[in-house]
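Chains S and G supply the protein sequences, listed in that same order.
Heads up: the first sequence at position 168 corresponds to 168 in UniProt numbering, and the numbers run straight through without jumps.
Heads up: the second sequence at position 124 corresponds to 124 in UniProt numbering, and the numbers run straight through without jumps.
Note that these hints are calculated values from the structure, not bench results.
Remember, predicted model here, so these are calculated numbers, not experimental data.
Identical chains share a label here; the pair holds if one copy fits it or two copies do between them.
Below, computed lysine to any residue pairings styled on SDA-like, alpha-carbon distance capped at 25 Å: (1) Lys-253 / Pro-358; (2) Lys-116 / Glu-104; (3) Lys-216 / Asn-136; (4) Lys-216 / Thr-201; (5) Lys-116 / Arg-261; (6) Lys-176 / Asp-340; (7) Lys-216 / Phe-74; (8) Lys-38 / Ala-49; (9) Lys-216 / Val-228; (10) Lys-116 / Asp-100; (11) Lys-253 / Arg-111.
Residues per chain, in single letters:
2 protein chains.
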Amino acid sequence: MSDTVTAADIDSLMLGIGRRARAAARPLAFADTAAKDKALRLMADAIDASREEILAANARDLERARENGLSGAFLDRLTLNDARIAGISQGIREIAALADPVGETIAAWERPNGLKIERVRTPLGVIGVIYESRPNVTADAGALCLKAGNAVILRGGSDSLHSSRAIHACLVEGLKAAGLPQDAIQLVPVSDRAAVGAMLTGLDGAIDVIVPRGGKSLVGRVQAEARVPVFAHLEGLCHVYVDASADLDMAKKIVVNAKMRRTGVCGSAETLLVDSAAIGTHLIPLLEALTQAGCEIRASAAVLKVHPGFRPATEEDWRTEYLDAIISVAIVDGISGAIDHIARYSSHHTEAVIAEDPAVVERFFNEVDSAILLHNASTQFADGGEFGMGAEIGIATGKMHARGPVGVEQLTSFNYRVHGTGQIRP
Amino acid sequence: MSDTVTAADIDSLMLGIGRRARAAARPLAFADTAAKDKALRLMADAIDASREEILAANARDLERARENGLSGAFLDRLTLNDARIAGISQGIREIAALADPVGETIAAWERPNGLKIERVRTPLGVIGVIYESRPNVTADAGALCLKAGNAVILRGGSDSLHSSRAIHACLVEGLKAAGLPQDAIQLVPVSDRAAVGAMLTGLDGAIDVIVPRGGKSLVGRVQAEARVPVFAHLEGLCHVYVDASADLDMAKKIVVNAKMRRTGVCGSAETLLVDSAAIGTHLIPLLEALTQAGCEIRASAAVLKVHPGFRPATEEDWRTEYLDAIISVAIVDGISGAIDHIARYSSHHTEAVIAEDPAVVERFFNEVDSAILLHNASTQFADGGEFGMGAEIGIATGKMHARGPVGVEQLTSFNYRVHGTGQIRP
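Make a model of the complete structure from these sequences and hints.
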């Protein structure tokens, strides 16, 4: 498509994509598990077989990205190589090996009048995925949506369009060879930003849910503008609270891991809260462990009184997802103070309590309102794979439908199936 | 509040209500089951004890409604009497007797690294309920939301404001006496329509979900304008498909019940689809049974060929929720034709198949995409009470979060609680 397309052209193009996705979703909803898994395995085979074409397409994207002066981290995410392509096809094969959630009976009961009621998982319908220039998401998201019986509309970053197209061609090859509708996985073929705007309107009812995959500005725009439900987290402002009852060695090990294992992931800790009753026992060893691990500390006034020399934390620090080797540290008045601090600043993603006192753990679990709560474990476990859910399309912090890791099961809905023997309602 | 409030006044009032609801939701989320049930029982007692005040308030509403020339059906819905007030307090006692969904472990598993993961029900947060002039909804909705640990903002029809206020005062009395925050159940104290508009924006993040209760125009406005999730159905355009394998007596009984038991409910049937292979066996007896029951028939051309004399069905008829003793009747090409017709015209609420052939039933259950599917039973069972779920706040046709009857369980979310023994992520 040429660069002279108008807004009306984009609208018309996107509405057509929406209609085809909706049409494809109908047969897909009751497609055999075997057909879906066959399609997925053939997609993986096609990706392996098309490695050269994919690398060539990726080279075009990389060349243009360099010309546009894009940065090292950006280029790294955009870059494909043999190992990464093998990772993509392996990821699809793992999705093929997951259990099919569609058709699963979630609950079943019988009424006194003999009606037998079942609640059965069904696909959601059509999922829109909007992502940045990471070509692997084309395959991951396409495969996960298909596994759950959903049609998907993929809109990748414009800088990865050639790479995404080459991968998408392999996905379509798998669909065709397995006899599934080709429109089950569509890639938006233009790089205009208007295409994103059109998706956010829901394409005239064609999109049931939107999943943004990317940085805060992308997710923020989608959350602010979408007229359909969104599964996402804007940020992971995760807290670790160390209670006076905590085992100190365990606390040091967990705090360092929660912050430093990978600092750029949403489950990394951004704020350490230390019980005021633990100032004399836990605070300094924790600060030293972090410092030794190479972490910068932004300290509250109370922390600085005990251990001067750190950069003072501002109000802004409590609201900042550093995604870097930096942590803010505050003293709180026991579990109540920790709960209050988290209620005020958390992004409701993941929080951990390190404590041996069961009453403290119970309060933390009952009163902290975040998607994932951990006791005596690192916040870096906030991940669908670590939860045993298989691949995830992301982590959601909303409370509706999907909360926490969003895997194939979370990409489904359900309906009620009532088996009667002639019952009428009196 | 005087009638001269400005839009800015309303916005400020509503934002304050939202903030107070959000603040009340926090302690409510972990309130004891015993405290919530005590509050509910005391609310019921207060309603019984305040019968005279409630009737006096209702008399004021009725007087004004009559002055405004409102119709008989409207006045009937608005009218309270001793029996209806007793029904309201009894309804609240039944909600008190339901199991508390909050804190229930929905799933639990252990990971190879020893992490124990639980998925536990939590409240949704703050629910906005927008309803027409039915004073009983004030009590029903307030009690259901409280049971599930949610704060609620109630915005009833302006014509029932005095009645709703009198009932609301009883609810607050119960909250106070049980030591729960009074702001857990707030009634919007003004009748300005701008208050509804403010709620639909979500009150600056204070409202998690909106439940409209009322006719199509109210629900349509809420669905079109809400910037937060909505649990609702716009209409119940329910179908009954009678297969050639159906037992004729059972089919007659179910079709007449599905249409005629109560014609004004969302689960009443609006369209009868008859298998073309059953024209010689089932069609005329079904038409006669409906006619004898006092039902008007709007017939497709194919039906009229077999049985002339009915009013011909237009395209509009297939899209019409009559809510009256009228049914549209079409001949379809077996189960495939039934599935296609339903996919085209259904509101995805409730559909029934009458058949003895299990392959037909299986296709119907797998391929019809509606919240409730019934086999050999009347569509009028589409009701939370009939499902054994206790009181319902409504029926939802969306696929996100709550689908079908929305009872206390559907008014909850969940989170993950991970129990570790010092695990860090490698």
